[in-house]
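Got chain A; can you put chain B on it based on the hints?
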Amino acid sequence: MSSPERTWKTIESGPHTYEEALHPVVRKNYGKWKYHEIPKPGVLKHVAESGDAIYTVRAGTPRQDTVDMVRTLCDIADKYTDGHLRFTVRNNVEFITPNQENVEPMISELESLGFPVGGTGMCVSSVAHTQGWLHCDIPATDASGVVKSMMDTVYKEFKDMQMPNKVRLSTSCCAINCGGQADIAVVVKHTRPPRINHDHLSKICELPKAVARCPVAAIRPTVVDGKKSLMVDESKCICCGACFGACPAMEINHPEHSKFAIWVGGKNSNARTKPSTMSIVAHNLPNNPPRWPEVTEALGRILTAYKEGGRPWERVGEWINRIGWKRFFEETGLVFDEDMIDSYRHARTTFNQSAHVRF
Amino acid sequence: MDSTKEGASKAACGCNGCAPEENGRFLNATPMLNELESGPWPSFVSGFKEMAERTKKPMLRGVLDQLEYSYKTRMGYWKGGLVTVEGYGAGIITRYSMIKDKFPEAAEFHTMRIQPPPGLHYNTAMLRELCDIWEKYGSGIITLHGQTGDIMLQGIEQDKVQECFDELNQKGWDLGGAGAGMRTGVSCIGPGRCENACYDNLKLHFKALKHFSGQVHRPEWNYKIKFKFSGCPNDCTNAIMRSDLAVIGTWKDAIQIDRDEVRAWIDERGIDTLVNQVISNCPTGAISLKDGEMEIESRDCVRCMHCLNVMPKALSKGEERGISLLMGGKNTLKVGVNMGSLIVPYMKMETDEDIEEFLELIEEIIDWWDDNGLDHERIGETIERVGLKQFIEGVGLEADINMVSRPRDNPYFKAKY
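So the protein sequences, as listed, match chains A and B.
Okay, so the first sequence: first residue is 1 according to my numbering, each after it adds one.
Okay, so the second sequence: first residue is 360 according to my numbering, each after it adds one.
None of these hints come from the bench; they were simulated from the model.
There are no misleading hints in this set.
BS3-like mimics (lysine-lysine), calculated; alpha carbons at most 25 Å apart, straight line:
#1 A:K228 - B:K438
#2 B:K495 - B:K530
#3 B:K459 - B:K495
#4 A:K28 - B:K562
#5 B:K459 - A:K203
Next comes chain A alone, as it looks inside the complex (with noise of 0.2 Å):
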């Protein structure tokens, strides 16, 4: 692989630096920041101990970027801030200037260029997700195209700020959940125990590995055709794709049996209630490119019903904890069933150990 020619010698240098990347004024007030305020959608003030102020605009971006259009944000970020500009966890890109003459020209500029200015406070902010067909290898739906078909739909609500808390969501293109627990989360579940590919398992898959990758011991060896191969107790597997990362002739991914679910209340922040995990809500929901009109239905339900309810600084998980589950069902229309009942380790945390009913 490597050319004769090759005459660099790696420098295990680790994360770039990052001093020469941050603006003047940020560098002159290192970790001396005193309070902020958000004077409209996309854009924050952040005053320093020294009196000095800095000017943020955030925007959307669909992530999946090209050269073309970093060079584009470059452009305005010589434009407007110095040459400085970074990106938050959630794909947003940020510019940061003294100069608060620049900030509407900047928004301007931005938004002719498509970028959508917005993201900050109680906001819908964009998607946590993950690969999906354009680059994974166990993906049963694209990551890429949920977000936008998502975002196109809640596109005012990351630029207002009229929810009642920040609303985080994620897409997953398979059970083990790249984008994370989220407020609101579009993953995919699997509904049909895998296919087992006989004929490449025995060349591609180490099979005592792929066995001990099911977590309720549903695989066992067996012979095929004389060829050593794997086999699934169906009664026994949960669908959850284990064996599919561990061993590719598992074949989890179907074009049918590989739905949607929707989870709800996930917060990793510590503010007021501790930091919780999703609960499932809707499933059985079809995998359907390129738009997922059922998933975004969903989604508008969910937040349209949280919009309403929320008191101001709920997350979405503390509005269902107030009101319960079952106003939760009835306001979003969603449906309640047995399958949402866990039947897996932990599951009595999730019994209601009390005479707490709700009518």
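Using the frame of chain A, we list chain B on its own:
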């Protein structure tokens, strides 16, 4: 796979053999993907298509064709492999097309994971340099950023990987983690802008990932391990859930109150708002009104950040700052989602000695995990299986009531007495 759809796709887009340039356009038809070009949110499809028409890179055409085919057949078509650079065992995510006969232009589509500067702070010189090198060797597709925290340079052929890496490396860029090793870190904006940053997370991130550089590039453990560095308990990097080693800023002393700003806040919004949005939301009832003044009982405060978030001008973090270390965060597979739990309630994080002490502890922790973990077992799973008590004994930590939400509710244990 649906063979009738395969046929239809060939006929419709004219790929595989016909010459699309003849009709004046470089790209083949992608009717399903084109549906993602309408609507107000910026479209990745438009971005890819525009760049493909400008650069005429066949790989981009092949990738769009294969993606269109995935949309039609609702299946993915990439498989992994073992591409890497000299001396490294990780950092390139290898992708070969499973249907390269159909889409030969996308036969190889490897990704280079690149470690960004902590806090994702850039200047345009850095980014332009990166873009120029990437356009020279690769497809030009960049993900900012992947869920592990890397810059993802997506789409390069194996025989160009080493040269591309060498050129990037000379400009200060290095590969990120993959596989069963230390992964790329993530930091929030930290002291670079946020008044809530309780420690210099950018510096700690930089030093920690440099320290573990060998294990980033040459995976040698049972499974992956990830750091995330959040400046305060708002945890904007989602460290508690997304990382095995969640380093979250905190403080020990009292929240600082600016009385004049509290009064100004109440004057503007009314006392009802203070009661309903601040006092009632305090998780431990630590806030009360005394003769019209807001009082915070520090011994009851758990540093949740809510009141600071609502009243950023009036309230600020305490002065005795440091970090909490939480461990074991991971997502669903296989035992179910696990939030990180508190292991070290407080450590100072001001000097280089503090950082060294922290890294020594992390070394101990990883050694314990390396000795006790099973294949494909994240450290949180190992701790749960082996026992938190055994873990803290193993790494030399003292039991602390902050490690649990309450003492055990069953009597089944053997004590040393």
